[in-house]
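Student: Following the hints, complete the assembly by docking chain B onto the known chain A.
These are the residues of each chain, in order.
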Amino acid sequence: MVDAVMNKSRLFLAVARTEAQIYVFYPLEFVVAFINRGLAIFLSALFWVVAAEFGDNALLDRRFLLGYFLIVSGMTQISFANVNVASHLLRRIKSGAISSDLLKPIDPFALQYARSYGSQVQFLLISSVLTVVGVLYASDGFSPLLAVWAVLNMIIINYSLNRMTALIGFYVVEAAGIKNSLLHVLRLLQGMLIPLNLLPLVAQDVLFFTPFPSSLYMPIATLLGADIAISNYAIGTLWGLSLLPISAWQWKRATRKYEAVGL
Amino acid sequence: MRYLRLLYVNAVNTFRRDVAYFAENWSNVLSTLLFTLTAVLAIEAIFTNVNTIGSFDKNDVLFLMFLGQVSFYLIARVSFVPATEFAEEVNSGQLDFYLTRPVPLRFFIYTKSISFLIMVRDSLPPLIPLTFIVDWTALGVTGHSFLAGAVIFLLGMVIEHCMVYMLALTSIWSGSSNHTLSYFWASRAENRMPYENLYGWFQGAVFLGLPALLSSSLAASVMLGYSPAALRLAQVLAATVVWLIVHNYAWKKAMQTYSSASS
Chain A
1 MVDAVMNKSR LFLAVARTEA QIYVFYPLEF VVAFINRGLA IFLSALFWVV AAEFGDNALL
61 DRRFLLGYFL IVSGMTQISF ANVNVASHLL RRIKSGAISS DLLKPIDPFA LQYARSYGSQ
121 VQFLLISSVL TVVGVLYASD GFSPLLAVWA VLNMIIINYS LNRMTALIGF YVVEAAGIKN
181 SLLHVLRLLQ GMLIPLNLLP LVAQDVLFFT PFPSSLYMPI ATLLGADIAI SNYAIGTLWG
241 LSLLPISAWQ WKRATRKYEA VGL
Chain B
1001 MRYLRLLYVN AVNTFRRDVA YFAENWSNVL STLLFTLTAV LAIEAIFTNV NTIGSFDKND
1061 VLFLMFLGQV SFYLIARVSF VPATEFAEEV NSGQLDFYLT RPVPLRFFIY TKSISFLIMV
1121 RDSLPPLIPL TFIVDWTALG VTGHSFLAGA VIFLLGMVIE HCMVYMLALT SIWSGSSNHT
1181 LSYFWASRAE NRMPYENLYG WFQGAVFLGL PALLSSSLAA SVMLGYSPAA LRLAQVLAAT
1241 VVWLIVHNYA WKKAMQTYSS ASS
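For the record, the sequence lines run as chains A and B. Take the first sequence: its letter number 111 is residue 111 in our numbering, and every next letter is one higher. Adding 1000 to a residue's 1-based position in the second sequence gives its number in our numbering.
These aren't lab readings, by the way, just hints derived from the structure by calculation. The structure displayed is predicted, hence computed values, not measured ones. Hints may contain errors.
Said to hold, decoys possible - Here are the simulated distance ranges between beta carbons:
id	chain 1	residue 1	chain 2	residue 2	range
1	A	237	B	1253	45 to 51 Å
2	B	1127	A	25	39 to 45 Å
3	A	197	B	1015	45 to 51 Å
4	B	1173	A	133	30 to 36 Å
5	B	1202	A	197	26 to 32 Å
Quick reminder that beta carbons are idealized off the backbone N, C-alpha and C, glycines included.
This is chain A alone, in the form it adopts within the complex:
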């Protein structure tokens, strides 16, 4: 069992390393991708700094908002909360490139996760740095145990959300638009567009019964030292443990739908 897990881990690491090596051939692309991500994060952070500085309400705390959006970038990248793995898989399903993955004796979805980590190594780098900067700059102190709990919930839920989004490609040819639609809704509900504590209280109360706050907002708020009820972490775990088998089962069903010329 341990050997099998080790072998799989080594395989996925090798896939990630191979994907990352593309930047040896296109170094300019690596640099520009780095700049792009930095710029996008900077622009969204700048909006909130301006809103906090020139807004007429002291509740918009500049330190919290800047830290929040720095960590958003990191957490999004680490857990693919932006359904980026699903995006790549949808393209592979549409083009038929998924055929070669399905023939391999490994989970094609996990394989894509490894590919995505490898091809976005520069984003991981900058995002990790910005997460640390965000925590150092804005955190009021946090419980490491709760932080690990929240991050685990986030990773598991986003893994399932990516899988559930990707499998749409087996049913619909032009699934990218549907994926984008889901992403826009997710961005609001996860707290990518706006910190959830700025939403009206009723909306917050309802949202915390869904998996979405646990898929991004909760770990960020935990790292920033926000006071969150333990029940909210438990709700996240419940969602994570429910979505994981459901998405695996749906993925299995969906792959049976796949037909490709040449198989």
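Tutor: Frame of chain A; chain B shown alone:
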């Protein structure tokens, strides 16, 4: 006449292509609609916490968002999509075939894949509700400020067109410009910023590499009377001339490099 005829032929060609696959991409309409809806909800949520950001109230920010959306749909279909195709054609060697055609090369490349039908299809559904959400009578727009803002909007688009094609041209030197072209998305990560409340150095940086903010933030500021119209107009005009000169130079250099590479 020759240019008009070429434009007509290219428009008819893309229209036929778009009509052939029209039904496949309706999910994109849903996506753009949801993007606008969630962005409006986020603005609503922000303005439940503040009354104004700098001199902008909620209605001004919605107007700013409207301008940003209009400029996005225009530039995406007129410049970004064709520039992306151009970069792919450089990568695949397809550009060789265009070089042998008896047509003005740059105009042909600029216009060959502009899709007016898709532009209308994707932009109207989200823009129409937005026109009803903005309270046009409450905006402090005068005839003069509107005219100056409209010219700034158009010049901003010209600058962005130059920038997008300069990003695509890097494929001639580096072989790939996928991430380089993604700078377009990064530079559009946030366009709800009141221009006059931005830091001085950042206001200057907008002219150097963030033209999307010229056609949204600056144009809106001028139209609403928050920015000195004559000064800003002169600045944008000067920037446009510089961008056009640099763009022409880059294009010539790129074509010389491409020819030598092919031979």
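Student: If a hint holds in the structure, say so; if it doesn't, say that too.
Tutor: Hint by hint, here is what the structure shows:
The given range of 45 to 51 Å is broken by residue 237(A) and residue 1253(B), whose C-beta atoms sit roughly 58 Å from each other. A C-beta distance of roughly 41 Å is found between residue 1127(B) and residue 25(A), which places it inside the suggested range of 39 to 45 Å. One distance hint, 45 to 51 Å for the beta-carbon pair residue 197(A) and residue 1015(B), holds here, with the actual separation near 48 Å. Distance hint check: the CB atoms of residue 1173(B) and residue 133(A) are about 33 Å apart, consistent with the given range 30 to 36 Å.
Against the hinted window of 26 to 32 Å, the Cβ-Cβ separation of residue 1202(B) and residue 197(A) comes to about 27 Å, which satisfies the hint.
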